[in-house]
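When the letters of the sequence shown are read in order and numbered with the UniProt record's numbering, they come out as residues 1 to 206.
A few of these clues could be false.
Derived DSS-like pairs: lysine-lysine, alpha-carbon spacing no greater than 27 Å straight-line [what the hints assert, rightly or not]:
{"#": "1", "residue 1": "199", "residue 2": "86"}
{"#": "2", "residue 1": "86", "residue 2": "43"}
{"#": "3", "residue 1": "43", "residue 2": "199"}
Label pairs and their computed distance ranges (CB to CB) [said to hold, decoys possible]:
{"#": "4", "residue 1": "104", "residue 2": "78", "range": "35 to 43 Å"}
{"#": "5", "residue 1": "87", "residue 2": "206", "range": "34 to 42 Å"}
{"#": "6", "residue 1": "136", "residue 2": "205", "range": "17 to 25 Å"}
The hints are simulated quantities; they were obtained by calculation from the structure and are not laboratory data. Computed from a prediction, not measured in an experiment: that's the story for all the values here. Think of the CB as a built atom: it goes at the ideal place given N, C-alpha and C, for glycine as much as any other residue.
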Amino acid sequence: MKNFLIKFVFVICVLGLIRPVFANVSLVVLGDSLSAGYGMSPKESWVGILQRRWQTEYPEITLINASISGDTTQGALNRLPGVVEKHQPTAVFVELGGNDGLRGFTPATIQDNLLQIIDQLQRQNVRVALSQVRIPPNYGQRYSQMFANIFPTVAEEAEIQLVPFFMEQIIVDENLMQNDGIHPNREAQPLIADIMEPKLLELAGY
Numbered sequence: 001m002k003n004f005l006i007k008f009v010f011v012i013c014v015l016g017l018i019r020p021v022f023a024n025v026s027l028v029v030l031g032d033s034l035s036a037g038y039g040m041s042p043k044e045s046w047v048g049i050l051q052r053r054w055q056t057e058y059p060e061i062t063l064i065n066a067s068i069s070g071d072t073t074q075g076a077l078n079r080l081p082g083v084v085e086k087h088q089p090t091a092v093f094v095e096l097g098g099n100d101g102l103r104g105f106t107p108a109t110i111q112d113n114l115l116q117i118i119d120q121l122q123r124q125n126v127r128v129a130l131s132q133v134r135i136p137p138n139y140g141q142r143y144s145q146m147f148a149n150i151f152p153t154v155a156e157e158a159e160i161q162l163v164p165f166f167m168e169q170i171i172v173d174e175n176l177m178q179n180d181g182i183h184p185n186r187e188a189q190p191l192i193a194d195i196m197e198p199k200l201l202e203l204a205g206y
């Protein structure tokens, strides 16, 4: 009996040192040009960088980039059923709303679209995280603040994680931005990948 207990404790200790085996996870990034890799090939985007990195480090995670440059919350809502049917996601990271804000859409419309996207996913037991998004201040302080308030409001109502806007760490360095002053360049993509990796891993259940 004593020998059995010693062996049992030894096995438990060894197992504690081994990374747990996770079930396969399909994680979709549902975003716009900031995640699609505007101005570059998809493999150069931050999502593409994580896809290659995780092939070795987390082969059980299938990371899908379903982002489209110029997409709005309404556009994503319209195409969501097809994305879900095609990829059968376990989890979805939603990075949307920037184009809505740049076009001056009402905060109420943006908020409603985001809530519909999240609700459709949650009804299918898909885990969801939402990115905070901000727009340039030249749209006026009042509208910019109303826009910024959409995302914590939606996250709280839907009871999901709100992820800080990754561009806030990028846009302060003009060497990381494209000439339009809106989109991150190639040099910024590995930095964004490093910023987002722990957030997406958490969403994936790690």
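Verification of the supplied hints:
no. : hint                    : verdict
1   : 199 <-> 86              : holds (24 Å)
2   : 86 <-> 43               : holds (20 Å)
3   : 43 <-> 199              : holds (20 Å)
4   : 104 <-> 78: 35 to 43 Å  : violated (20 Å)
5   : 87 <-> 206: 34 to 42 Å  : violated (19 Å)
6   : 136 <-> 205: 17 to 25 Å : violated (35 Å)
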